[in-house]
Amino acid sequence: MSDTSHGTGGLTFDKTKRTWPNEMNILLALIIIVVIFEILGQILPYMNDQSFLFDTRDRFDSIFNEARLQIIILQVAIIGIIALGVTQVIITAGIDLSSGPLVAATAMIAMSFGQTELVNGFPNPKALFGTWAMDLPVVVPIVVGLSFGAFIGAINGTFIAFLRIPPFIATLGMFLICRGIALWWSGGNPVSFPTESYKYIGSGMMPVVWFLSLAAIFHLIMRYTVYGKHTYAIGSNEEAARMSGINVKRHKVMVYMIASMLAAFAGVILAAKSETAQAGMGEFYELFAIAMAVIGGISLQGGRGSIIGTVLGAMVLGVIRSGFTYIKLDGSYQLMAMGSIIIAAIILDQYRQRNKA
Amino acid sequence: MSEDIVLKTEELTKHYGGVHALVGANFEMKKGEHIAIMGDNGAGKSTFVRQITGVEQRTSGKVWLYGEEVNFAGPLDAREAGIETVFQTLALADDLDVPDNLFLGREKTYANWLGPFRLLDYKGMREATMAGLEKTGVKIPNIRNSIRNMSGGQRQCVAIARTATFHSRLTIMDEPTAALGVQETAQVENIIRTLKEAGEPLILVSHNMRQVMELVDRIIVFRRGRMVANLRKEDTNGEDVVAYITGAKTGAEFEGAA
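These protein sequence lines map, in sequence, to chains A and B.
Each residue of the first sequence is one higher than the last, beginning at 1 in the numbering used here.
Each residue of the second sequence is one higher than the last, beginning at 1 in the numbering used here.
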């Protein structure tokens, strides 16, 4: 064996040579953004020395402004659940645009099986079905919702994997179909008044509990299971994955099904949280979910990124939204600013790719 | 049929629509033999390899591996039967590290009842990777780096190290050094010599005459989809082989073939 080859140094496993994980950069960005808002709060004349992060009311038992922290994570939790699925789809080098309308359609469908029969002693004014669908146990709306998600995901996956329709087109079609289903389901009327147990799964901080538990589960799945490894392999080099004997088509269908089931679950929770389901729900959710993934360092070329990155990306988006409100930036400016941040994240991603290639 | 024959094909044929990419290839390979397949671009070398390795389905003909007739439905079947292939286009996933690539599609796992969510045995795969690399003499500084950050030679070595890791019964290399520099080529050639010493049979598809003359026992030449020569290294030389490749000469046993 030639020992003169350059760049070779024996068979040692050197822990120090592992590269700085990308997630650290996002965490750093998150901290910087928080600091910026904190400083803006101090220097902007109309802010009256408020603090973004810290408690300003001199309570003994708290350092942070818990109310704001809770709102930050609560307002990204439901879209965050969608983002967990979108992350997996993007890692296979695909995209899923159908998740927002799927949230609405699932919310409508799930809520129809989660209604209570009597509201303040009177029959439910928004009842969609007869009494047979009233006061069902909470598992019914959950299972119905997840099944609907699995069904939509299977269609997405089949069109993309077997009929070779580009993911962008296939899920754009599904985007319109799902919005149509949401409108058609109850003729455009809201479906409201859930049972107590159904209300509970979306109440208070429950969406955050769901988001973080699912994030933990999918982090483990992506990292420590064959499913996760094959998902990365397909996004990294689909041809290599195929030649290695991975059933790429079947795997893609599975990824799209899981993504749609997560979006559907977000719909089930959103309906419970809002205590109503309306056909217009979930507007722009698919885009915010994609934005979370992209800000979290998921490469749109596939093969790279992690669930932790997406969770951090969700936090970045949450902090930015909350921060803009905190410095009293108008909603229209907020949208423009967030759009710019998403574009900046993608530019950064491509810059990183070029440097690594 | 004798167990000593590693691989035998009979009238192996592949048509892509109207294009006859491979016609009636009769091939035989003995234990421990290293055989080179040569020919011009489009002569049918890679097509021949793709039929044996199950990447494509042959139009007609038969294939035997160690005396057993085989019909591979896909590349994984061929791999399970013991045919390990280093493809011309590197079949590596850039974003994964060395053990992940070595074990892609056949990971070491536990808790298999979890189906697609069965758990990866990272430690086992790392140890087997180390053993495989050691066996082939491949040196890679950090096997947990993603493949993207490695040189062409290192990547090729990773692809080749697969063969050693899985105790293959037949190794096929499709132009393993085509994209490599001088030093990296030497590294790959050394690995091939190691395989020869270990008595591992090898089919080498190559354009590199010097390499072929140095490394193999027998040379098969393809031209326009047909086998036109079957030469023992001792009985031939570079000029002779070139004559077959260009069609100036055709082997006696293949008269009328091309």
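To be clear, the hints were calculated from the coordinates, so they are not data collected in a lab.
Treat each hint with caution, since some may be false.
[To be verified] Derived lysine-lysine pairs resembling DSBU-like cross-links, with alpha carbons at most 30 Å apart:
{"#": "1", "chain 1": "B", "residue 1": "K249", "chain 2": "B", "residue 2": "K30"}
{"#": "2", "chain 1": "B", "residue 1": "K249", "chain 2": "A", "residue 2": "K249"}
{"#": "3", "chain 1": "B", "residue 1": "K123", "chain 2": "B", "residue 2": "K31"}
{"#": "4", "chain 1": "B", "residue 1": "K196", "chain 2": "B", "residue 2": "K135"}
{"#": "5", "chain 1": "B", "residue 1": "K8", "chain 2": "B", "residue 2": "K249"}
{"#": "6", "chain 1": "A", "residue 1": "K199", "chain 2": "A", "residue 2": "K249"}
{"#": "7", "chain 1": "B", "residue 1": "K249", "chain 2": "B", "residue 2": "K123"}
{"#": "8", "chain 1": "B", "residue 1": "K31", "chain 2": "A", "residue 2": "K249"}
{"#": "9", "chain 1": "A", "residue 1": "K249", "chain 2": "B", "residue 2": "K30"}
Now the hints, each set against the structure:
{"no.": "1", "hint": "B:K249 x B:K30", "verdict": "holds (26 Å)"}
{"no.": "2", "hint": "B:K249 x A:K249", "verdict": "violated (46 Å)"}
{"no.": "3", "hint": "B:K123 x B:K31", "verdict": "violated (34 Å)"}
{"no.": "4", "hint": "B:K196 x B:K135", "verdict": "holds (13 Å)"}
{"no.": "5", "hint": "B:K8 x B:K249", "verdict": "holds (25 Å)"}
{"no.": "6", "hint": "A:K199 x A:K249", "verdict": "violated (38 Å)"}
{"no.": "7", "hint": "B:K249 x B:K123", "verdict": "violated (55 Å)"}
{"no.": "8", "hint": "B:K31 x A:K249", "verdict": "violated (37 Å)"}
{"no.": "9", "hint": "A:K249 x B:K30", "verdict": "violated (38 Å)"}
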